[in-house]
Amino acid sequence: MTEPEARVPIVDADQTGEPIVDSPLSPLLDTQRLIVCVGSGGVGKTTTAAALGIAAAKRGRETAVLTIDPARRLRDALGITTLDGEPHRVPLGRRGVKGSLDAMVLDTKRTFDELIQRYAPTSAAAERVLTNRIYASVSTVLAGSQEYMAMERLHALAGSGHYDLLVVDTPPTQHALDFLEAPERLTALLTSRAAAILQNPSLILAREGSRLAQAALSAVLRGLERFTGFEMLRDVAEFVAGLEEFSAGFQERAASVAQFLREPATSFVLVTTAAPARVAETLAFHRELVRAGLPFAGFVVNRVLPPGLLGTPPLPDVEPASDADRELGRKLVELQRRFAAMVLAERAEIDRLRAAAPGALVVEVPLATDEPSSLSRLITLSRALG
Amino acid sequence: MLDAALQRRLVFITGKGGVGRTAVALSLALAAVRAGKRTLVVEVNPLGRLGEYLGDRTLAPEPTEITPELAAATIAPTVILEDFLAGMLRIRALARRLLESNTFRVVTAAAPGLEDFLTLVRIAEWEEERIGFRRKRHRFDLVIVDAPATGHSVPLLSTPDTLLKMLPFGPLTSTARDLAMLLGDPKRAAVAIVTRAEEMAVNETLELATALMRIGVTLLPTIVNAVDPFRFTRPEGRRVAAEPPDLPPEWAPYLGVARFTLARQRAAERQIRRLTQALPDRPICLPSVEAGKLTLETLEPLADALAHPRASTSRRAS
Numbered sequence: 001m002t003e004p005e006a007r008v009p010i011v012d013a014d015q016t017g018e019p020i021v022d023s024p025l026s027p028l029l030d031t032q033r034l035i036v037c038v039g040s041g042g043v044g045k046t047t048t049a050a051a052l053g054i055a056a057a058k059r060g061r062e063t064a065v066l067t068i069d070p071a072r073r074l075r076d077a078l079g080i081t082t083l084d085g086e087p088h089r090v091p092l093g094r095r096g097v098k099g100s101l102d103a104m105v106l107d108t109k110r111t112f113d114e115l116i117q118r119y120a121p122t123s124a125a126a127e128r129v130l131t132n133r134i135y136a137s138v139s140t141v142l143a144g145s146q147e148y149m150a151m152e153r154l155h156a157l158a159g160s161g162h163y164d165l166l167v168v169d170t171p172p173t174q175h176a177l178d179f180l181e182a183p184e185r186l187t188a189l190l191t192s193r194a195a196a197i198l199q200n201p202s203l204i205l206a207r208e209g210s211r212l213a214q215a216a217l218s219a220v221l222r223g224l225e226r227f228t229g230f231e232m233l234r235d236v237a238e239f240v241a242g243l244e245e246f247s248a249g250f251q252e253r254a255a256s257v258a259q260f261l262r263e264p265a266t267s268f269v270l271v272t273t274a275a276p277a278r279v280a281e282t283l284a285f286h287r288e289l290v291r292a293g294l295p296f297a298g299f300v301v302n303r304v305l306p307p308g309l310l311g312t313p314p315l316p317d318v319e320p321a322s323d324a325d326r327e328l329g330r331k332l333v334e335l336q337r338r339f340a341a342m343v344l345a346e347r348a349e350i351d352r353l354r355a356a357a358p359g360a361l362v363v364e365v366p367l368a369t370d371e372p373s374s375l376s377r378l379i380t381l382s383r384a385l386g
Numbered sequence: 001m002l003d004a005a006l007q008r009r010l011v012f013i014t015g016k017g018g019v020g021r022t023a024v025a026l027s028l029a030l031a032a033v034r035a036g037k038r039t040l041v042v043e044v045n046p047l048g049r050l051g052e053y054l055g056d057r058t059l060a061p062e063p064t065e066i067t068p069e070l071a072a073a074t075i076a077p078t079v080i081l082e083d084f085l086a087g088m089l090r091i092r093a094l095a096r097r098l099l100e101s102n103t104f105r106v107v108t109a110a111a112p113g114l115e116d117f118l119t120l121v122r123i124a125e126w127e128e129e130r131i132g133f134r135r136k137r138h139r140f141d142l143v144i145v146d147a148p149a150t151g152h153s154v155p156l157l158s159t160p161d162t163l164l165k166m167l168p169f170g171p172l173t174s175t176a177r178d179l180a181m182l183l184g185d186p187k188r189a190a191v192a193i194v195t196r197a198e199e200m201a202v203n204e205t206l207e208l209a210t211a212l213m214r215i216g217v218t219l220l221p222t223i224v225n226a227v228d229p230f231r232f233t234r235p236e237g238r239r240v241a242a243e244p245p246d247l248p249p250e251w252a253p254y255l256g257v258a259r260f261t262l263a264r265q266r267a268a269e270r271q272i273r274r275l276t277q278a279l280p281d282r283p284i285c286l287p288s289v290e291a292g293k294l295t296l297e298t299l300e301p302l303a304d305a306l307a308h309p310r311a312s313t314s315r316r317a318s
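These protein sequence lines are chains A and B, in that order.
Residue numbers are given in our numbering: position 326 of the first sequence equals residue 326, and the series is strictly consecutive.
Residue numbers are given in our numbering: position 38 of the second sequence equals residue 38, and the series is strictly consecutive.
Note that these hints are calculated values from the structure, not bench results.
We put the beta carbon where it would ideally sit given N, CA and C, even for glycine.
Keep in mind that a hint or two might mislead.
[Unchecked claim] Covered by chain B, according to a simulated footprint, are these stretches of chain A (three or more residues, beta-carbon under 8 Å):
#1 303–309
#2 316–322
#3 325–332
#4 357–365
[To be verified] Using 20 Å as the maximum straight-line C-alpha spacing, the simulated EDC-like pairs for lysine to aspartate or glutamate come out as follows:
#5 K98/A <-> D164/A
#6 K187/B <-> D281/B
#7 K331/A <-> D228/B
#8 K37/B <-> E125/B
#9 K37/B <-> D56/B
#10 K37/B <-> E129/B
#11 K293/B <-> E52/B
#12 K187/B <-> D141/B
#13 K331/A <-> D317/A
#14 K331/A <-> D246/B
#15 K331/A <-> E250/B
#16 K331/A <-> E269/B
#17 K187/B <-> E127/B
#18 K98/A <-> D30/A
#19 K37/B <-> E297/B
#20 K293/B <-> D228/B
#21 K331/A <-> E290/B
#22 K136/B <-> E69/B
#23 K293/B <-> E281/A
#24 K187/B <-> D161/B
#25 K293/B <-> D304/B
#26 K293/B <-> D56/B
#27 K293/B <-> E349/A
#28 K331/A <-> E236/B
Just need the whole structure built from these sequences, with the hints factored in.
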């Protein structure tokens with residue numbers, strides 16, 4: 001972890017007439033192969049990932065940003081017509097950008113399909129799973145499958161050699177590491193024990209192993225069958241038994257993803273705002289990352305009030321010349337007081353981040369008067385990040 | 001907004017994650033209690049903060065009395081599944097054991113909508129519950145549901161219809177039909193979307209409103225939460241924005257913050273205008289409350305604004 005370096009202006013790559021200033025994150029954008037953005041929902045994580053991607057492209061790297069947010073707004077903001085499971089080039093070309101940026105969205109179902117095709121011993125085995133009636137619902141509902149698929153897609157992309165840098169926006173989770181544990185959880189579900197139980201359901205109640213327990217279970221399963229209206233038990237058994245054939249492949253893959261996330265060329269960035277509740281969550285994420293031995297690089301604090309707007313004290317008295325002036329003057333003084341108090345509160349929160357992670361990079365992104373809903377606004381935002 | 005809600009017996013509060021659904025649901029409950037309604041507020045989220053706002057209470061799957069006129073409950077999917085299984089098995093320990101198994105989670109994942117269906121059944125039971133001599137009056141005049149975020153609320157509210165399409169005959173059909181009738185009855189049930197005066201939240205609100213209208217539920221006016229109560233009037237805005245500013249020159253140090261706030265105010269007004277133009281009812285704006293711990297007291301201003309929208313933060317776009 002290095003101290004933030006002195007800000008050095010470099011050439012204006014986006015031809016907006018303003019010099020690009022190195023941010024503390026610039027060295028990461030130049031050297032890393034994977035940047036993972038983690039944070040609570042609603043802190044601007046997807047936008048930050050997109051802006052980091054733009055910043056890296058401007059610095060000459062072949063970059064891809066992988067988002068879990070298929071929001072039309074992001075697609076429009078990036079200036080592309082489709083945002084889906086395929087990479088789409090973000091039109092930065094006319095702006096003198098040396099690198100490039102592709103954007104794609106995580107498509108859970110499709111990644112799951114590809115995984116099954118890849119690890120199926122035979123195409124008939126793959127077909128059995130893919131055509132299973134409950135596969136569609138299970139593959140999206142299964143706990144952790146979305147997080148797992150995000151990691152899976154990443155691994156595949158990193159291996160493709162098409163990109164210098166991948167920037168990924170993780171799903172908003174209660175626990176930052178859900179997505180890391182997802183492969184283990186998924187494989188645990190698919191071990192032979194689960195399959196065996198489904199083939200002989202009374203094993204769930206093995207300890208009770210009585211006739212009563214077996215009768216109970218079959219009553220429940222009959223009830224569930226009535227609810228779903230098809231022979232669910234058989235389908236589930238087929239599904240799990242089918243997946244079992246892949247579980248060795250899955251486990252190997254999970255280990256390799258875990259390794260990839262801990263490489264020196266990987267950095268985790270925590271995205272937050274300066275609101276006390278968000279900072280508290282971010283500090284909890286930080287502890288989790290550190291405990292898991294993941295390479296944490298720094299914080300991006302979004303929507304920070306620009307302190308530069310505050311006039312230099314002592315501020316002049318507002319002496320009204322008319323009633324209208326009196327009311328407006330009162331409002332100006334009130335706004336100033338309120339803004340100063342909010343700036344102070346935000347500084348205290350940002351100091352808490354610095355104190356919890358000494359030496360970590362902290363980048364503040366100023367609050368804009370509107371949301372970054374166009375490519376030029378995203379490019380402006382990217383300047384704050386590198 | 002309040003009148004429209006008080007005419008119903010069941011109101012769902014939904015919206016994008018993080019916009020303040022729970023605070024709005026509780027504020028609406030407060031306003032209803034003030035209007036003399038015995039109110040139940042239900043949270044459909046095992047990790048929700050309703051109990052925290054009610055003075056760090058642990059809420060149960062059965063209504064807990066907060067005041068004589070206000071009760072609160074929480075619905076956790078595992079608890080209702082357990083009740084459902086216990087009903088079939090008659091032995092709760094077996095139901096619990098079954099729920100703890102990973103394999104069973106795969107099995108319930110394969111019965112999509114089961115949890116949602118059971119959640120709605122539970123809510124409908126509270127809506128119908130009667131007490132007193134010859135069970136003459138409803139236990140609750142109004143049930144307010146702090147429903148799941150956007151992505152999940154449409155599947156939740158369309159569960160009865162989905163089920164009826166999937167299983168036109170069967171043991172659950174009459175229950176599903178009753179639920180579908182309750183949710184589709186504009187006199188009894190309605191849905192309010194909570195949003196913020198931000199572009200992304202408004203986009204999502206407009207999409208959600210369309211989806212909800214398509215499944216045939218009645219929409220209440222949209223609630224725009226956390227609108228800054230500070231505002232420049234139009235003439236003031238013009239004076240601040242003018243170049244050079246139409247202000248005494250010695251006020252210049254105040255200009256930076258003033259212009260920034262004005263730009264934010266105008267951006268918020270643009271978003272509120274989008275909602276006004278696209279939706280049948282005028283949105284209701286609720287003021288932002290001081291950050292920090294939310295309690296019934298800190299929510300009073302929101303309850304006021306729901307009861308008297310014009311007096312508090314109703315605003316015309318400039």
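How the hints compare with the structure:
{"no.": "1", "hint": "303–309", "result": "holds (count 3)"}
{"no.": "2", "hint": "316–322", "result": "holds (count 4)"}
{"no.": "3", "hint": "325–332", "result": "holds (count 6)"}
{"no.": "4", "hint": "357–365", "result": "violated (count 0)"}
{"no.": "5", "hint": "K98/A <-> D164/A", "result": "holds (13 Å)"}
{"no.": "6", "hint": "K187/B <-> D281/B", "result": "holds (17 Å)"}
{"no.": "7", "hint": "K331/A <-> D228/B", "result": "holds (14 Å)"}
{"no.": "8", "hint": "K37/B <-> E125/B", "result": "holds (18 Å)"}
{"no.": "9", "hint": "K37/B <-> D56/B", "result": "violated (24 Å)"}
{"no.": "10", "hint": "K37/B <-> E129/B", "result": "holds (15 Å)"}
{"no.": "11", "hint": "K293/B <-> E52/B", "result": "holds (9 Å)"}
{"no.": "12", "hint": "K187/B <-> D141/B", "result": "holds (13 Å)"}
{"no.": "13", "hint": "K331/A <-> D317/A", "result": "holds (13 Å)"}
{"no.": "14", "hint": "K331/A <-> D246/B", "result": "holds (15 Å)"}
{"no.": "15", "hint": "K331/A <-> E250/B", "result": "holds (15 Å)"}
{"no.": "16", "hint": "K331/A <-> E269/B", "result": "holds (19 Å)"}
{"no.": "17", "hint": "K187/B <-> E127/B", "result": "holds (13 Å)"}
{"no.": "18", "hint": "K98/A <-> D30/A", "result": "holds (13 Å)"}
{"no.": "19", "hint": "K37/B <-> E297/B", "result": "holds (19 Å)"}
{"no.": "20", "hint": "K293/B <-> D228/B", "result": "holds (18 Å)"}
{"no.": "21", "hint": "K331/A <-> E290/B", "result": "holds (19 Å)"}
{"no.": "22", "hint": "K136/B <-> E69/B", "result": "holds (18 Å)"}
{"no.": "23", "hint": "K293/B <-> E281/A", "result": "holds (15 Å)"}
{"no.": "24", "hint": "K187/B <-> D161/B", "result": "holds (19 Å)"}
{"no.": "25", "hint": "K293/B <-> D304/B", "result": "holds (19 Å)"}
{"no.": "26", "hint": "K293/B <-> D56/B", "result": "holds (11 Å)"}
{"no.": "27", "hint": "K293/B <-> E349/A", "result": "holds (16 Å)"}
{"no.": "28", "hint": "K331/A <-> E236/B", "result": "holds (10 Å)"}
In summary, the structure is inconsistent with hints 4, 9 from the numbered list given earlier, while agreeing with the others.
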